[in-house]
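Enquirer: Okay, here's what each chain looks like letter by letter:
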Amino acid sequence: MIDKTKKMIKSLFLVEIVKGLSITGKKLFKKPITVQYPEEKTPQSSRFRGLHALRRYPNGEERCIGCKLCEAVCPALAISIDTEMRSDGTRRTKKYDIDLFKCVYCGFCEEACPVDAIVETKIFEFHFEDRNEKVINKNDLLKIGDLYEREELKDRKNLG
Amino acid sequence: MKEFKNFTMNFGPQHPAAHGVLRLVLQMDGEVIKDADPHIGLLHRGTEKLAESKPYNQSIGYMDRLDYVSMMCNEHAYVLAIEKLLQLEVPERAKYIRVMFDEITRILNHLLWLGAHALDIGAMSVFLYSFREREDLMDCYEAVSGTRMHATYYRPGGVVRDLPSKMPKYEKSDIRNNAELEKLNYNREGSLLDFLEDFVSRFPDCINEYENLLTDNRIWKQRTVGIGIVDPDRAIQLGFTGPMLRGSGVAWDLRKKQPYEVYDQLKFDIPIGRTGDSYDRYLVRIEELKQSNKIIHQCVDWLKNNNGPVMIDDGKVAPPNKDNMKDEMESLIHHFKLFTEGFCTPEGQVYSAVEAPKGEFGIYIISDGANKPYRLKIRAPGFPHLAALNEMARNHMLSDVVTIIGTQDIVFGEIDR
Ligand code: SF4
Ligand code: SF4
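Quick mapping for you: the protein sequence lines, in order, are chains U and A. Position 4, counted from 1, in the first sequence is what this note's numbering calls 4; the numbers after and before it change by one each time, with no gaps. Each number in this note's numbering corresponds to the 1-based position in the second sequence with 160 added.
FYI, nobody ran anything at the bench for these hints, they're computed from the structure. A quick note: this is a predicted structure, and the numbers were derived from the prediction, not measured. You may find that some hints are simply not true.
Just some of the chain A residues that point at chain U, by a computed CB distance under 10 Å [unchecked claim]:
{"hint": "1", "residue": "Gln218"}
{"hint": "2", "residue": "Ser219"}
{"hint": "3", "residue": "Leu288"}
Rough simulated footprint, nothing fancy, chain U against chain A, three-plus residues with beta-carbon under 8 Å [as the list claims (entries may be wrong)]:
{"hint": "4", "region": "303 to 310"}
{"hint": "5", "region": "323 to 331"}
{"hint": "6", "region": "366 to 373"}
{"hint": "7", "region": "483 to 495"}
Away from chain A, derived, C-beta distances all over 10 Å, residues of chain U [what the hints assert, rightly or not]:
{"hint": "8", "residue": "Ile9"}
{"hint": "9", "residue": "Glu16"}
{"hint": "10", "residue": "Lys27"}
{"hint": "11", "residue": "Phe29"}
{"hint": "12", "residue": "Glu39"}
{"hint": "13", "residue": "Lys41"}
{"hint": "14", "residue": "Arg49"}
{"hint": "15", "residue": "Leu69"}
{"hint": "16", "residue": "Val73"}
{"hint": "17", "residue": "Tyr105"}
{"hint": "18", "residue": "Glu111"}
{"hint": "19", "residue": "Glu120"}
{"hint": "20", "residue": "Ile123"}
{"hint": "21", "residue": "Leu147"}
In this text, a Cβ means the ideal position worked out from N, Cα and C, and glycines have one as well.
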C-alpha cells in the first residue's frame, strides 16, 4: 500500500524528470570541458602515430639504407621503394613513396626500420588540395623529418 | 472496393539512426511493421580474405577495424588464436594489461552504445556526458598505443610496449591561465595507472548521472519496456551472445564459463535480465559498466605492484630489442625474418573467442603450416543479432525499429567485415 502511494506521488510530481533536469541544469553553469581547438589542443601522447617522416643522422646523412623492411611489413602496401647504389658505394633509396590514402597508420614501418629512419610524427592536421598530393615522396618526407627532428628526439625519450 | 496493400519502405542505408550502413526494407501496414528485411554488405572489405593473404602479424590492424567501437577486444581474439596455434605462454603482466584494456574497451563500447541509443530515442544529454568519459579512456588508448581508436596494441606473445610512465598533458596556451591549466592536468601528473585509478574512482558517479537521467524516466521506459522481447530459449536458438543473451536471463559469459587470461583470478559478477526486453538489456549493460569498472580497479592494483616483461622472449615470434639488434647477429636475423616473412605456425585449426562487449567474438583459423592463415573465419556477435531483427521488430511500430537496432548494439564493421 505504502509502496503504491509512494509510486503514485512519484509519478504525479514528475520526480524522475525533475531529477534529470537538475543534472542537466547544474551542467548549465559548469565550465565546458571542450577546448578551443586551434588555440589550444588536447594532450597528445609521445607515441602518437601521425604523418610519416624520414630522419637523418646528425651529420646530415639520410638514415634510410633502402632495406625495404618497411615496404615488406606494410599491411596496406602503402610504401614503394626503389634503390640504387650511390657514387660512394652505399645503398640508398632512389624513390621512397608513401601513399597516405592507403596507409592505415599502424606504425609497423616505424617498428620494422632497423636504423630508425622512417618514423611517424605527431602531425595529424594535414590536408591535400589535389588528389595526387596523397603520395608523398622522399623529398617531402625528409623535409618533414628535418622540421620535426627536435620534437621526435624529445618524444623518443618520453616513450617509456 | 479498393484493395489495400502493405507499404514497402526503405530505412537507411544513410539513416542516422541506422548505426552505420544498415539498409532495412520494411513492409508496413500503416505504422506497424509486418516484415523487416536487413540488407547487409555495404561495408564489406573482405577482411577474412585479406588476412589470408598476409603474414599473421600484419592483420592485427585489420581486426581493429572490424568492430570499430571495441577495437582491442577484436585484436584479443585474433592474437589468442595465434597463441593457441603456437602454444605460447604469455607473461603475467601482459595478461593483466590485456584484461584491463578489454574492460576499458567494454566501457568505451557501452558508453557509445548508451549515448547513441539514448540519442536515437530522444535523450540528447546522455550522449554528451558519455562522450565526456569516453574521452578519458580514449586518452588511455592513445597513451599506450599511439592512436585513439585503431590501436594495433596486442601482439601474439604479449603487448607491443609496456604502459607509459607519464601521461601527456595539456600544454600552455594563450587562452588558459596557469591555474586553469593545473586543474585540467590534475590527474595527469602520474603514470597511466594513476590516471586510470582516478578515472575508476570518478566513474561510478558518472554512471549514477546516466541512470538518474534514464532509468526511471517515463519517456525512456515507454520507449524501451516491452520492446523487442526475446525469451531465453529463443535467444539461445538464435545464437545470441553477450548482453543480448544475458538480457533474456541466460547467465552466459565467456569470462566466467571459459576464463581466458586472468579472468578467473578477478572478482566480478555477471548481471542478467528478466524479461528480455530493451529495458532489461539497458539495465544489464549499465551493470556491466559497473563491473568493468571494478575489474579495471583490480587490474590497476595488480599492475602497480607487479613488474615484469610484457612480451615473451622468443625471437621467433616477438621482435628482438632494437638496441640488441644493432650488435647481435642473431637478433638481426630474427628482426629481418620477422618483419618480412613473419612466423610460421604448425598445421592445425583453432577457434578462440573472447567476450567482446557485444557478445562472443571468435576467430577460427586453419593453418597449413605457412606464415599466413589458410582460412580465417570471423565470428561476429552482431551478425546473429541482426538476423533476429525481423523477429524482434515484427508487429512493433516504425519508431520501435530504432529502439531495436539500438538495443542490439549493431556495428557494421563486424557484420559486413
Ligand atoms: S603506418 Fe602502417 S600502413 Fe602506414 S606506411 Fe607504415 S606500415 Fe604502412
Ligand atoms: S625506412 Fe628503414 S625499413 Fe624502410 S627501407 Fe629505409 S632503412 Fe629500411
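Enquirer: Classify the label on lysine 41(U) as holds or violated, using whether its beta-carbon is more than 10 Å from each beta-carbon of chain A.
Expert: 7 Å, violated
Enquirer: Quick one: work out the minimum CB distance from isoleucine 123(U) to chain A and report holds if it exceeds 10 Å, violated otherwise.
Expert: Holds: least Cβ distance 13 Å, greater than 10 Å.
Enquirer: Counting residues of the region 323 to 331 of chain A whose CB is closer than 8 Å to a CB in chain U, do you get three or more?
Expert: holds (count 8)
Enquirer: Take a quick look at glutamate 39(U) and tell me if its Cβ sits farther than 10 Å from every Cβ on chain A, holds or violated.
Expert: Given a closest Cβ separation of 5 Å, the condition is violated.
Enquirer: Holds or violated: is the Cβ of valine 73(U) farther than 10 Å from all Cβ atoms of chain A?
Expert: 5 Å, violated
Enquirer: Cut-off 8 Å, C-beta pairs, minimum 3 residues; does the coverage of the region 483 to 495 of chain A by chain U stand?
Expert: holds (count 4)
Enquirer: So is glutamate 120(U) really clear of chain A, every C-beta pair being over 10 Å apart?
Expert: 8 Å, violated
Enquirer: Regarding the hint that glutamine 218(A) lies at the interface with chain U, is the smallest CB-CB distance below 10 Å?
Expert: This hint holds: glutamine 218(A) lies near chain U, its Cβ roughly 4 Å from the closest one there, short of 10 Å.
Enquirer: Counting residues of the region 366 to 373 of chain A whose CB is closer than 8 Å to a CB in chain U, do you get three or more?
Expert: Result for this restraint: holds, n = 3.
Enquirer: Restraint: leucine 288(A) near chain U, CB-CB cut 10 Å. Satisfied or not?
Expert: 9 Å, holds
Enquirer: Since leucine 69(U) was said not to touch the interface, does its Cβ keep a gap of more than 10 Å from each Cβ of chain A?
Expert: Its Cβ does come within 10 Å of chain A, the nearest being 5 Å, so this is violated.
Enquirer: Quick one: work out the minimum CB distance from leucine 147(U) to chain A and report holds if it exceeds 10 Å, violated otherwise.
Expert: Given that every Cβ of chain A is farther than 10 Å from that of leucine 147(U), nearest at about 18 Å, it holds.
Hint violations for this structure: numbers 9, 10, 12, 13, 14, 15, 16, 17, 18, 19, all remaining hints satisfied.
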